[in-house]
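Visitor: From first to last, the protein sequence lines are chains A and B. Residue numbering for the first sequence is 3 to 271, as defined by my numbering. Residue numbering for the second sequence is 21 to 349, as defined by my numbering.
Since the hints were derived computationally from the structure, they do not count as laboratory data. Where a beta carbon is used, it is the ideal one built from N, C-alpha and C, also for glycine. A couple of the hints might just be wrong.
[As the list claims (entries may be wrong)] Quick list of in silico lysine-lysine cross-link-like pairs, DSBU-like style, CA-CA up to 35 Å:
#1 Lys314(B) with Lys240(B)
#2 Lys240(B) with Lys297(B)
#3 Lys127(B) with Lys203(B)
#4 Lys25(A) with Lys127(B)
#5 Lys158(B) with Lys203(B)
#6 Lys314(B) with Lys297(B)
#7 Lys158(B) with Lys25(A)
#8 Lys25(A) with Lys240(B)
#9 Lys172(B) with Lys240(B)
#10 Lys158(B) with Lys172(B)
#11 Lys172(B) with Lys203(B)
#12 Lys134(B) with Lys25(A)
[Unchecked claim] Take a look, some chain A residues computed to stay more than 10 Å from chain B by CB distance:
#13 Ala14
#14 Leu18
#15 Gln39
#16 Ile41
#17 Leu44
#18 Val102
#19 Val104
#20 Ile107
#21 Ile130
#22 Leu138
#23 Ala155
Letter by letter, the chains look like this.
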Amino acid sequence: MTGPGLRREVRAGWSLFRRDMLKFRRERARIVSSLLQPIMFLGIFGLGLKNVLGGTGPFQELDYIQYIFPGVIGINVLGISMSTGVTIVADREFGFLREVLVAPISRLTIALGKVASGVATAMFQVAILLLLSPLLGLTPGFVQIVLLMSAVALLAIATSALGVLMASRIRSVESFQYVFQFMLFPLFFLSGAFFVLDRVPPWIAFIANLNPLTYAIDLFRHILYGDIELGELSRSLLLVNSPAEDILIIAVISVVLLSASVVSFVRME
Amino acid sequence: MIEVEQLVRRFGDFEAVRGVSFEVAEGEIFGFLGPNGAGKTTTINMLVTMLRPSAGEARVAGFSVREDPRSVRESIGIVFQDTTLDDALTGWENLRFHADVYDIPTKLFRERAKEVLQTVELEGRRDDLVRTYSGGMKRRLEIARGLLHYPKVLFLDEPTLGLDPQSRVALWDYIREIQQREKITVFLTTHYMAEAEYCGRIAIIDNGDIVALDTPARLKESVGGDVVTLTTNDNLQAGLELEELRLRPRIEDGLIRFEAPEGATTVANVFRQLTPKIVSVDLHKPSLEDVFIKLTGREIRDDEASEADKMRSQMRAGGIIGPGGRRMS
Ligand SMILES: Nc1ncnc2c1ncn2[C@@H]1O[C@H](COP(=O)(O)OP(=O)(O)OP(=O)(O)O)[C@@H](O)[C@H]1O
Ligand SMILES: [Mg+2]
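Isolated chain B (complex conformation) (with noise of 0.2 Å):
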C-alpha cells in the first residue's frame, strides 16, 4: 500500500528526512515511532503530497507522490499533527464541507458521517459548534472526518497529542476497530512507547534515519534479554567486576545498564559477587524505550514530549505562531 524508497527532505543545508525506506502492507497498522524532531511529520507530509521530497520516491495506494498527487489525494484520509478543523463550524459542517470537496453524493454522505460519528461517540454533539468541543472531542472528529471518503490509507501524525491517559485508549479501540472493519491501512507517528505496541510493526526514527524496523516483540526481543539498571556506591569498580561477569554493562548518567536473559537469576548472582555496595537495583523486561535507549543511547523521554506538547498548544491558543505554519513554508 505504501512503498517508499530513499525518500529525503532536505530544509537548506538541513537534512530533516535522510533517505528512509520501507514499505507497509494493506490492512496493516504501521508506527513511525521518534523522539520531537525526529523527521515523522516530514515524512508523513511527503507521503499525503503536502511537501515534495528532495529526494526519492514514494508510492501510496500505487500512485507516486511525485507524479500523481491527485490520485494519493484521493486514496487517502489524513489527521495532521496540529488540528485543521474549522472551529467556526460545527461538527456536521465541518463533515459536509469534507464531504463537498472529495465529491461524497449527498446521500452517501448522511449515512456515513452519522456511522463515523456513532463509531467516534460524537453523535450528541454534531450541531454543536467546534469551538466548543474538548481537545479530545476535536481530535475524534478529525478521525471521523478522515474516514469520511473511505480512504485506503489513513495517516495518522500523533493522533493522542495531548490526550490523557483514557482518552487515548479509547482513541486507540476506535482505531483498531476502524482498521478492522474497514480493513483499510494505518500509517501513524507516536513518541509514546506505549502506543507502539498497538502497531503491527514499527520504524524507530532518529535524526531523520530509521534505526530499526520490525514487529514490537520482535524489536524487545532484539534487546536480548531482560533490563537490568544498577546504582552501586563505585559504578567504575562495578562495571570493571560486571564486565568480568561478560554482562556486558553500559555506564549512563550514573546508572549501569546491561541486559541478561535470565534477569532475576543473574541479579542474585550479582548481589552476591560485587564488591561494590548495590544503592538501588530494577529489573524489567524489555520494552520498547529500551530498545530506542539501545540503539540510540539516549531516551525518548515521554515527559519531556509532552512539556513541549503543551508549549504547542498553549501557543496555539495564543495564535503566537500559527500551528502548521512553519511545516508548510
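The following block holds chain A by itself, in its conformation from the complex (with noise of 0.2 Å):
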C-alpha cells in the first residue's frame, strides 16, 4: 500500500471508530446494564458465597470477593467487547453496512475499526469498574492501573476478534446473540474465574486451557494482588502461570483471532 492509501485507509478506520464512540456515548442504557451485570456478580457471588467458602484454603488470606473481581473484570471484558460484533450485525440488519462495504476503502481498515472500537469499550468499563476496587480492600497504585490496562487491551484485541469473526458468519442479531450466549458460559466457568481450577477433570482443564480468559485473568491476579502477602500454598493455587507466559499465550490467541476475523470478513459477501 502506497503512502496517500495508507492514509486513506487511517482516515476511514478512524471514522469508523469514531462513529462507534459517538454512538456509545449515546447509548446511556447500554453503558449502566453492562456495568450493573459485574456488580451483581460481584454481590451475589462474592458476598454470597462468601460465608460458604470464606476462611478455607486460599481463602484465609485472601477475601472471596478479591478472588472473583480479577475474574469480573476478565468476564465484563469479554461480554463487552464480543458484542462489538452485535454492531456489525445490526449494521448489516439496518442496511448502514453496505454504505460501509460500497465506500472504496479496504475490508481489513473496517475489521481493524471495528476491533478498535471494542478494545476502547471494554477499556472504557473496565476503567469505572476500577473505582469499585477500594470497596474491595484493593489499592491498585498508577503503575498496577496502567499494566492492567495494558493487559486488558491485550484480552479485548482476542475478544473483539473473536465477535467480528461471529459477525462476518452470522447473519441475524438474533443468531448472534444466541450463539454468544452459548459461548460466554463454558467461557465465563472454565476460566478460574469463580473457583480454583486444581482439581477438576482433565477435559475441564483442556478447555481451561485452551480458553484466553484463563490467562488474561491469571495475570489480572498478578497485577491486582501484589499488595497481599499469600502464602506459597495460596500463591500457587492462586497464580498458576508466570505474567511472561500468560502475556505470550493471549498474544498468540490474540494474533490467531486476529487474522482469522480479518481473513473471514474480507472473504464475506
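Put the two chains together into one complex, using the hints given.
Guide: Structure (C-alpha cells):
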C-alpha cells in the first residue's frame, strides 16, 4: 500500500471508530446495564459465597470477593468487546453496512476499526469498574492500573476479533446473540474466575487451557494482588502461570483470532 | 460511461440476470424498468461491485467491475433500494462519515455538504437524528450523500420507493437538476412507468432479460398507434370480426385490445360494424405500460408493486428481516 493510500485507510478506520464511540456515548442504557452485570456478580457470588468458602484454603488470606474481582473484569471485557460483533450484524440488518462495504476502502480497515472500538469500550468499562476496587480492599497504584489496562487491551483484541469473526459468519442479531450466550457460559465458568481449577476433571482443564480468559484472569491477579501477603500454597493455587507466560499465550491467541477474523471478514459477501 | 456485456448472475440454479448487454453514454439518464423480481437490483449490485457476476463483463467509468472494483467504487455514488443511513446519527454526521471514507478534504466537505443539503432542501434538519426524518427526507439525504464525493456515475435503485406522488415529482426535479448541473451519468431503476418517462433512454427488463431498449418516445411509437381496449357481450365473435378488419386484436382477461394509428376514426368504424354489443371502450395514446404489455403479454401492475413496498417497509420497521440481508448473501 502506498503512502497516501495508507493515509486514506487510517482516516476511514478512524471514522469507523469515531462513529462507534459516538453511538456508545449516546447509549446510556447500554453503558449502565453492562456495568450492572459485573456488580451483580460481585454481589451475588462475592458476598453470597463468602461465608460458604470463606476461611478455607487460600481464602484465609484473600477475601472471596477479591478472588473473583479479576474474573469479573475478564468477563466484562469478554462481554463488551464481543458485542462489537453485534454492532456489525445490526449494521447489516439496518443497511448501514452496505454504505461501508461499497466505499473505496479496504475490508482490513473495517475489521481493524471494529476491533479498535471493542478494545476502547472494554477499557472504558474496566476503568469504571476499577473505581470499585477500594471497596473490595484492593488499592491498585498508578503503575498497577497502567499494567492492568494494557492487559485488558491485550485480552480485548482477542475477544473483539472473535466478535468480528462471528459477525462475518452470522446474518441476524438474534442468532448472533444466541451463539454469543452459548459461548459465554463455558468461557465464564471454565476460566478460574469463580473457582480454583486445581481439582477439575482433565477435560475441563483442557478447555480452560484453551480459554484466553484463563490467562487474562491469571495476569490480572498477578497485577492486582501485588500488595497482598500470600503464603506459598495460596500463591501456587491462585497464580498458575508466570506473567510472561500469560502475556505470550494471550498475544498468540490474539494474533490467531485477529488474522482469522480479518480473513473471514474480507471473504464475506 | 457504463458498458455491460452478456452479464449473468445466478443464485444456485436460478438465473436472476440472463446475459444483459447495454451501454450508457456520459451525461445520460438511463433507466431500468421492470416488475418486481426482474433482476434490476441484482444488475445494479453487480455494477457497483457488491455482487460478483457469474459471467460476462461490465465496465463503469472505464474500470472493470471484476478486475478493478476499487476504482469503480471511487467513481460512483449509489443509493441502494433499502436505506443505508445510520438513523442513530444526525444527517450531518452521516455525511461526515461518508466524507471520511471517501477521503474528501474537510474544507471541501463543509462546502459541498451545504450545497447538496440545499439541493434536497434539508439544511434545516441537518443536526436532527435521522431517526426523526420522514421516509422522503431519508431518501433525499441518501441522494445528497451519494453526490457528496462528486461521483461520475450515480446509481439510484428505486429512488422514489415508498414516496407520495408530490415527493416523487420533487425528487425527480432534484435528480434532473443535479444531472444537468454536474453533468453526471445517472443509472436508475424503477417499476413506475411514469418515472421512466423522465429518462433519456430506458431498458425494459423482464425475468432477467432486456426485452426492449430505446428512448421512451420511440418505445411508445413501437406499439403501433393508439391503444384501444373494448369489452363486448361476445368477445369471441367480436375478436373474429376485428380480425376481418385487420386490426389484430388480442383477448386478455376478458378485454379485447388492439392498436390503430388513427384511434378515434377506427373506434367509430368499429362501433358501426361490430355485431356483438360493445359494453365499454377505452382509447388512449400508448404509454410505457402498453409497451410492456405488448412485449410480455403481462401488466407491470403498479398497485401490486406498491403493496410489496408497503410490506417491505413494515418488515423493516418490525425488524423481521434485514433489508439488504437477503441480497448480500
Ligand atoms: N441473494 C439472493 N439469493 C437468491 N435469490 C436472489 C438473491 N437476490 C435476488 N434473488 C432473486 O433474483 C431475482 C431478481 O431479484 P432483484 O432483487 O434483482 O429484482 P428487482 O428487479 O430488483 O425487483 P424489485 O422491484 O422487487 O426490487 C428475484 O427472483 C430474487 O428472488
Ligand atoms: Mg430491486
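Visitor: Taking the hints in turn, state whether each one holds.
Guide: Going through the hints against the structure:
In summary, the hint linking lysine 314(B) to lysine 240(B) is supported, as the alpha carbons are separated by about 10 Å, within the 35 Å threshold. For the suggested pair lysine 240(B) and lysine 297(B), the alpha carbons sit about 30 Å apart, so the restraint of at most 35 Å is met. At most 35 Å may separate the alpha-carbon atoms for a hinted pair to count; lysine 127(B) and lysine 203(B) meet this at roughly 23 Å. Between lysine 25(A) and lysine 127(B) the alpha-carbon distance is near 25 Å, which keeps this suggested pair within the 35 Å criterion.
Of the pairs offered as hints, the one joining lysine 158(B) and lysine 203(B) holds, with about 24 Å between alpha carbons and a cut-off of 35 Å not exceeded. With a CA separation close to 26 Å, the supplied pair lysine 314(B) and lysine 297(B) stays within the 35 Å bound. Taking the CA atoms of lysine 158(B) and lysine 25(A), the gap is about 19 Å. The hint holds against a cut of 35 Å. A hinted pair counts as satisfied when its Cα atoms are at most 35 Å apart, and lysine 25(A) with lysine 240(B) does not qualify at roughly 51 Å.
Between lysine 172(B) and lysine 240(B) the alpha-carbon distance is near 30 Å, which keeps this suggested pair within the 35 Å criterion. Taking the CA atoms of lysine 158(B) and lysine 172(B), the gap is near 23 Å; set against the 35 Å cutoff, the hint holds. Distance check on the hinted pair: lysine 172(B) and lysine 203(B) sit about 8 Å apart at the alpha-carbon level, within 35 Å; holds. A hinted pair counts as satisfied when its Cα atoms are at most 35 Å apart, and lysine 134(B) with lysine 25(A) qualifies at roughly 24 Å.
The beta carbon of alanine 14(A) is not kept farther than 10 Å from every beta carbon of chain B, the shortest such distance being approximately 5 Å. Some Cβ of chain B comes within 10 Å of the Cβ of leucine 18(A); the nearest lies about 8 Å off, and the non-interface call is violated. With a least beta-carbon separation of about 23 Å from chain B, glutamine 39(A) lies farther than 10 Å from that chain, consistent with its non-interface assignment. Against the 10 Å criterion, isoleucine 41(A) stays outside the reach of chain B, whose nearest CB is about 27 Å from its own CB.
Interface exclusion of leucine 44(A) from chain B stands, the closest Cβ pair being 31 Å apart, more than 10 Å. Annotated as non-interface, valine 102(A) brings its C-beta within 10 Å of a C-beta of chain B; the closest such distance is 7 Å. For valine 104(A), the requirement that its beta carbon stay farther than 10 Å from each beta carbon of chain B is not met, with the minimum near 6 Å. Not every CB of chain B lies more than 10 Å from the CB of isoleucine 107(A), the least distance being 5 Å, so the non-interface label is violated.
Non-interface status of isoleucine 130(A) relative to chain B is upheld: no Cβ of that chain comes within 10 Å, the nearest being about 22 Å off. A cut-off of 10 Å between C-beta atoms confirms that leucine 138(A) is not in contact with chain B; the least separation is 36 Å. The claim that alanine 155(A) lies off the interface holds: its Cβ sits roughly 24 Å from the closest Cβ of chain B, which is beyond the 10 Å cut-off.
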